[in-house]
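K.L.:
What follows is each chain in one-letter form.
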Amino acid sequence: GNSVTQMEGPVTLSEEAFLTINCTYTATGYPSLFWYVQYPGEGLQLLLKATKADDKGSNKGFEATYRKETTSFHLEKGSVQVSDSAVYFCALESRYQLIWGAGTKLIIKP
Amino acid sequence: DVKVTQSSRYLVKRTGEKVFLECVQDMDHENMFWYRQDPGLGLRLIYFSYDVKMKEKGDIPEGYSVSREKKERFSLILESASTNQTSMYLCASSSSGDYGYTFGSGTRLTVV
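As given, the protein sequences belong to chains L and H, one line each in that order. Count along the first sequence from 1, add 124, and you get the number used in the numbering used here. Count along the second sequence from 1, add 123, and you get the number used in the numbering used here.
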């Protein structure tokens, strides 16, 4: 069946460091792919999405490219800030639902 | 600003009580979902609904039921609350044409 695998956290970085959070998926066809972010004490917010192969989603300095060759959708940001500290979830669309990764906690230290 | 509103941010209930968690969306979305979120277990789908009066079991429906009498409202019911239902509950909605979800802020339920 369809599934999403994310790198385990927590990921701890210093401010202005480069961020990569890995996400790989298993799916039939070419589903839409998503990254969501959850700030402490809040619900999840859509960060970015890509609907077909080679699409790049971007928002708030974050980017992710839909790679069908490697079945990956890694999240990247060139220079992280303390305010980026949150839990990040990768997800894929499957028959009107989203299949979720386990989430990766990101901690940014000043 | 479009949104999904959950009626309570924090709730404390006693074991055996019947608990209602309410969720309302103003985006005319067809699909609505209830998840619970626990440390180390990620998001687990409890129930979802594709339309008014329609409901489908998710991965962990035991001990829960739902009601969707109107398109904008999706209620989660704990028939007899137990301590293992202490959790963060998240409601979400989506349009059938776009699978991106909009989430509510969550309800942190404690059963004592």
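Hints in this document: simulated from the structure, not taken from any laboratory. Fair warning: this is a prediction, and the values are worked out from it, not measured in the lab. You may find that some hints are simply not true.
[As the list claims (entries may be wrong)] Here are a few chain L residues that face chain H, going by a calculated C-beta distance under 10 Å:
(1) Pro134
(2) Thr136
(3) Gln162
(4) Gly185
(5) Ala215
(6) Glu217
(7) Gln221
(8) Ala226
[Claimed, not checked] Distance windows between CB atoms, simulated:
(9) Glu140(H) / Asp179(L): 17 to 23 Å
(10) Ser130(H) / Glu193(L): 44 to 50 Å
(11) Asp179(L) / Gly163(H): 30 to 36 Å
(12) Asp178(L) / Gly139(H): 53 to 59 Å
(13) Glu192(H) / Lys229(L): 35 to 41 Å
(14) Glu140(H) / Arg191(L): 45 to 51 Å
(15) Gly163(H) / Pro234(L): 47 to 53 Å
(16) Met177(H) / Tyr163(L): 28 to 34 Å
[Said to hold, decoys possible] Under the rule of at most 30 Å between Cα atoms (straight-line distance), these lysine-lysine pairs were calculated in the DSS-like manner:
(17) Lys178(H) / Lys194(H)
(18) Lys201(L) / Lys233(L)
(19) Lys176(H) / Lys229(L)
(20) Lys136(H) / Lys180(H)
(21) Lys136(H) / Lys176(H)
(22) Lys193(H) / Lys126(H)
(23) Lys176(L) / Lys233(L)
(24) Lys192(L) / Lys180(L)
(25) Lys176(H) / Lys194(H)
(26) Lys180(L) / Lys176(H)
(27) Lys141(H) / Lys180(H)
(28) Lys184(L) / Lys141(H)
(29) Lys180(H) / Lys229(L)
(30) Lys136(H) / Lys176(L)
(31) Lys201(L) / Lys176(L)
(32) Lys192(L) / Lys233(L)
(33) Lys201(L) / Lys184(L)
(34) Lys136(H) / Lys201(L)
Heads up, the beta-carbon is just placed ideally off N, CA and C, and yes, glycines get one too.
K.L.:
For the pair we were handed, Lys192(L) and Lys233(L), check the Cα-Cα distance against 30 Å.
P.N.:
The hint is violated at about 34 Å.
K.L.:
Interface hint check: Ala215(L), Cβ to nearest Cβ on chain H, cutoff 10 Å. Holds or violated?
P.N.:
holds (8 Å)
K.L.:
Keeping to a limit of 30 Å between CA atoms, is the pair of Lys184(L) and Lys141(H) held or broken?
P.N.:
violated (42 Å)
K.L.:
For Lys180(H) and Lys229(L), compute the direct alpha-carbon distance and say whether it is at most 30 Å.
P.N.:
holds (29 Å)
K.L.:
Would you mind confirming whether the straight-line C-alpha gap from Lys176(L) to Lys233(L) stays at or under 30 Å?
P.N.:
violated (35 Å)
K.L.:
Take a quick look at whether Lys176(H) and Lys229(L) sit within 30 Å of each other, Cα to Cα.
P.N.:
With a Cα-Cα distance of about 37 Å, the restraint between Lys176(H) and Lys229(L) is violated, given a limit of 30 Å.
K.L.:
Is Lys201(L) close enough to Lys233(L), meaning Cα to Cα at most 30 Å?
P.N.:
Judged against 30 Å, a Cα distance of about 15 Å means the pair holds.
K.L.:
Does Lys136(H) pair with Lys180(H) here, judged by a C-alpha cut-off of 30 Å?
P.N.:
holds (24 Å)
K.L.:
Compare the distance between the alpha carbons of Lys136(H) and Lys176(H) with 30 Å, and conclude whether the hinted pair is satisfied.
P.N.:
holds (27 Å)
K.L.:
In this structure, is the beta-carbon distance linking Ser130(H) and Glu193(L) contained in 44 to 50 Å?
P.N.:
holds (46 Å)
K.L.:
Let me know if the C-beta of Glu217(L) comes in closer than 10 Å to any C-beta of chain H, holds or violated.
P.N.:
Holds. Min distance 4 Å.
K.L.:
Please test the hint of 53 to 59 Å on the beta carbon pair from Asp178(L) and Gly139(H).
P.N.:
Because 54 Å falls inside the window, the suggested range holds.
The structure shown violates the earlier hints numbered 1, 2, 4, 9, 15, 19, 23, 26, 28, 30, 32, 34.
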